[in-house]
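There are 4 protein chains.
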Amino acid sequence: MINVAIIGVTGYTGLDSIEILLRHPQAEITYITSSTKEVLPIESVHPKLAGRLKLDVEPLDFDELASRADVALCCLPHKVSMSYVPEILKRGVKVVDFSADYRLKDLSIYEKYYVPHTDPENIKQAVYGLPELYREQIKTASLVANPGCFPTSSTLGLVPLLRNGYVETDTVIVNSVSGATGAGKKLADGVHFPNLNENIRPYGIATHRHGPEMEQIASEAAGKEVSVLFQPHIGSFDRGILSSIYCRPAKEISAQELLELFNGFYADEPFVQVFDSPVSVKDVANTNQCHIHPARVKGQIVVFAAIDNLVKGASGQAVQNMNIMSGFDETLGLK
Amino acid sequence: MINVAIIGVTGYTGLDSIEILLRHPQAEITYITSSTKEVLPIESVHPKLAGRLKLDVEPLDFDELASRADVALCCLPHKVSMSYVPEILKRGVKVVDFSADYRLKDLSIYEKYYVPHTDPENIKQAVYGLPELYREQIKTASLVANPGCFPTSSTLGLVPLLRNGYVETDTVIVNSVSGATGAGKKLADGVHFPNLNENIRPYGIATHRHGPEMEQIASEAAGKEVSVLFQPHIGSFDRGILSSIYCRPAKEISAQELLELFNGFYADEPFVQVFDSPVSVKDVANTNQCHIHPARVKGQIVVFAAIDNLVKGASGQAVQNMNIMSGFDETLGLK
Amino acid sequence: MINVAIIGVTGYTGLDSIEILLRHPQAEITYITSSTKEVLPIESVHPKLAGRLKLDVEPLDFDELASRADVALCCLPHKVSMSYVPEILKRGVKVVDFSADYRLKDLSIYEKYYVPHTDPENIKQAVYGLPELYREQIKTASLVANPGCFPTSSTLGLVPLLRNGYVETDTVIVNSVSGATGAGKKLADGVHFPNLNENIRPYGIATHRHGPEMEQIASEAAGKEVSVLFQPHIGSFDRGILSSIYCRPAKEISAQELLELFNGFYADEPFVQVFDSPVSVKDVANTNQCHIHPARVKGQIVVFAAIDNLVKGASGQAVQNMNIMSGFDETLGLK
Amino acid sequence: MINVAIIGVTGYTGLDSIEILLRHPQAEITYITSSTKEVLPIESVHPKLAGRLKLDVEPLDFDELASRADVALCCLPHKVSMSYVPEILKRGVKVVDFSADYRLKDLSIYEKYYVPHTDPENIKQAVYGLPELYREQIKTASLVANPGCFPTSSTLGLVPLLRNGYVETDTVIVNSVSGATGAGKKLADGVHFPNLNENIRPYGIATHRHGPEMEQIASEAAGKEVSVLFQPHIGSFDRGILSSIYCRPAKEISAQELLELFNGFYADEPFVQVFDSPVSVKDVANTNQCHIHPARVKGQIVVFAAIDNLVKGASGQAVQNMNIMSGFDETLGLK
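Chains as they are written, first to last, in our numbering: chain P, 1 to 335; chain U, 336 to 670; chain W, 671 to 1005; chain F, 1006 to 1340.
There's no promise every hint is true.
According to the in silico footprint, chain W covers these stretches of chain P (three or more CB under 8 Å from chain W) [as the list claims (entries may be wrong)]:
1) 13-26
2) 46-56
3) 287-300
Distance condition first, Cα-Cα at most 25 Å in a straight line; then the derived DSS-like pairs of lysine-lysine [unchecked claim]:
4) F:K1340 <-> U:K389
5) W:K855 <-> F:K1190
6) F:K1129 <-> F:K1095
Please keep in mind that the hints were generated in silico from the structure rather than gathered at the bench.
Here the structure is a predicted model, which means the values were calculated and not measured.
By construction, the Cβ of each residue, glycine as well, lies at the ideal position given by its N, Cα and C atoms.
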């Protein structure tokens, strides 16, 4: 049994983290915080939790955190995260960090897309929390950088190909469509109901921050630099990401071999399912699963990968990482 | 041919007014304004109009308005409207006003629900713009108060009953569900996509401003005071209002007679259709129609009335009023 | 630890029953059936369960069922259910039945709304599975008739008032809006996406079968006959029912006393939460909670009650009943 | 003034054709047919048209058609269309055909994707109805093959590049997302509300019939064979197609030059608007516009093109073609 704190509990990933941990047989939520100055009942923040969690939201106090929790899930925006995480780590509490602050190993790329980094030291020890690729390192990590939602879906769809040299690495195209929760709780024109409902539109053209994150993981898998053209879209649904990935083959592979490649690669993975038919975001909604369908089309390799952006793309994967870090069965709370 | 100005063109009713007038064979849009300080191309405000309307949005100037337009559609919020309308009227331009400022004849009720009124004089001459009830007065009006969206659907469903004394007037229940555009363009938690999508919720419990408006029109129709319990809800769709109206019968009427009552009452109306089967908001979306289904259920009279809140509930009805004020065929631009 | 069978697993309630039982610490799913002739992997029926449940869907065999399960959740349509349930009961397996077959005590009402009943004997011993009202009887029942989704939301909103004589019983109005899953998996014009999306419409006017079910439970609570005018609507969302209930008060009660009445009535209930502010279906989605907001409006009593139609309105309530029948903590699997 | 028949009026394109023609100042709908055996009031087929069109749906009679109409819009499925069109043409009535039957010039490709062709003669004279490319031929055509919805959006996005040799022609990737009306009125699992709502999924992988149609038009524009990898998806909205098109540049072109290329190409087109910012399907809903945003991303050329699949992708474009064939201003009824 471990005690878990959730830092920054007011957003969508905070809510989903609570929902998942409420079902976890070996973890108890003992401390939840927000930027609030006063203590608030959780149902005033998330009415959905009324009668389900008897715990108040408190202002963050690092010593209090250390006295109450073994692990902290940090659901904080970038920049804020890197100012809190060192304080938590130095008190001996393990961290799964949801922000981008510890994902990019190359500081210059981080600083180009985000802000100057104030905690470069801890980047070195941080492990990228994609268990399917880095499970061994996660086991002993004190700080896990939980992957971005888009990179989770796209790298799971790409890595079997890249590891085995099956695709050209000069330009891999990742066309993704995300649900609206990916844009967060903050009011914005693009997420105003009458603007997004019955709509789909591209955004972050040539500028989205998840591109370099994909390239880092893809390049590690390929053993050489991979260029990823990542194009996100936002659609009129709450949850989920569908990535349609287009690659040019670098060597011959039949449709059947392609399917076998993916089936073999993910045979022992509890949260990746390979299909010989189209996948959809609804089939993974509210689950920690990634559904993948690899296909041959017009001489190209096309891979479809679907996840729930808030679960496998955030809170579920965080609990999966927490389980691994704690020596638990990886699937606790996630079935 | 008349020249039309649209004052306050940036909102949803401004856009719909333009869409309708673009198809109007006898009206030309000659002046469109907003609270902007600079002149803006219309497509920067409504990309949907790119290439379709060659007219810039300008800051409002009353003399300019008078020199360019015969009629003004005022798509302004309450309070702002009553400070602009007298200026427009005094320059000889007719007005269809979308706000609540000239709808309520009883100043004390207006001031209880809204703010102190600064133009009580013009309330007297204002005609309530529900053509099915006040067509004759509209013909000669200089100022028409375009009805609220909820009152339009509910009074059209109630008036045939009230005019003929068929229902008890102590408590009529109007349960309405509106689409999200009814909440306007302003960002708000309740209209944030992840909060409204896949949702329905009541709001304005015991406080919604359209209640007294319904009571005024219902009481005029009944010839005595009518008490209306009006309960609005917001649903996860863009357009439309469905009002489910529950009344206790005051005298006997069979289902067949009920249908005949409504059919007779609306026989010559171009924009009210009576059905002997359920109605829905989708069947009236983007039209100026009101679909009504009256029924007998468990000894009560239940009437379902559906409109598009932005068309028959706002811009379409405004053009219908403008047509009547201009001596045109009432349906121009609205077929 | 108990073994659970799910009979009729292909529909939405079958899927939700599995989702809930997968998280249940004291129940194991051991047998799942459908009308299939062949054995099918569960993911071919519900791709969402790929990799999450290792169990095939089998044709139903009563002896096999008895050898493998202690309790059966019967997710069958009416008529089918009453031909299977006696076979299951006689083999000593407890049943929670999702159909309407054992809910109505008055056979003549059942047969008026449904079909001739072929198992009247077992109606007598069946307990209506609304734990908030019939918990004691459920504890020792062999057959629990799981309530309809609409009656669950409306009776939870009405019973505190009826038990205490606060409202007139001649006509209680229940205006409900349900999500699309309530219409089931069967293809139909009304649930075709382009027909339902962006829409809301009434249906089952004066004929819906849940009306008499509400009246039975309401009358038991009131100790006298209650007439319920029940009007369902279908909305463009997946999950949830919002019931807006309108009653005329039979004696004086202030808004504050009303709130206290409900708070007191449900103080110890794990799955009913009383609010002093509007409730919504999204706040109960994927939970077994019923959220209730009682209010005074225009001299009437208005109660808003929201549930997830597939959870508290079906599968969640079934597991709640199963827990009570098994002597478990009532909330197992449902937090 | 011309008289127009709509053949096959019961589907979504039939309804939209009527909606557009109701606003057309120079066209009158004089004959509407379906596969019905009896004469039906139009509102029994499309309740949305109640009170708006006084015309019954009749069984098709070719002589009657010829006596009543100058032009026929054939909203029929493939195969049916090619058995009706010759009968209509031989009676001297011009045809805009919505099916795929006269789009593909290469009979062998048609027969591979569809069925054996029974009217190869008329293929020769048929003109592909994309006015932006084939306006001159449309002017004098008796038979216009109205383009598919996906090819309309993608070819408008590609042609300025292909005509000028700016992109490699070996593999152009067209990733498209369509709304649900694209799947038609026929009930199907994939368009059942609870299956499509809150969802997005690919379909027609490597098999969609619009791929060869795109290749035909793209190759004509390029003057050499173009290979198009076309991947459609279906999303949870009613109307619209967003195509995200990925090309490798064949020669240097800056972002600014790219924008100028498109601006120049479409400068005089009333229904194509070029943007320097993201486009969306909602901004073209219920309009005949195509919104295009060309961009440079990671060394590639990415073009986003949005249309309403039922308007510019079907009924609107058909009326545009009809206008051109009739010597009318091309925009009549479409503003």
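Each hint tested on the structure:
1. 13-26: holds (count 3)
2. 46-56: holds (count 5)
3. 287-300: Per the Cβ count (3), the hint holds.
4. F:K1340 <-> U:K389: 12 Å, holds
5. W:K855 <-> F:K1190: Given that 25 Å is the threshold and the Cα spacing comes to 18 Å, the pair holds.
6. F:K1129 <-> F:K1095: 15 Å, holds
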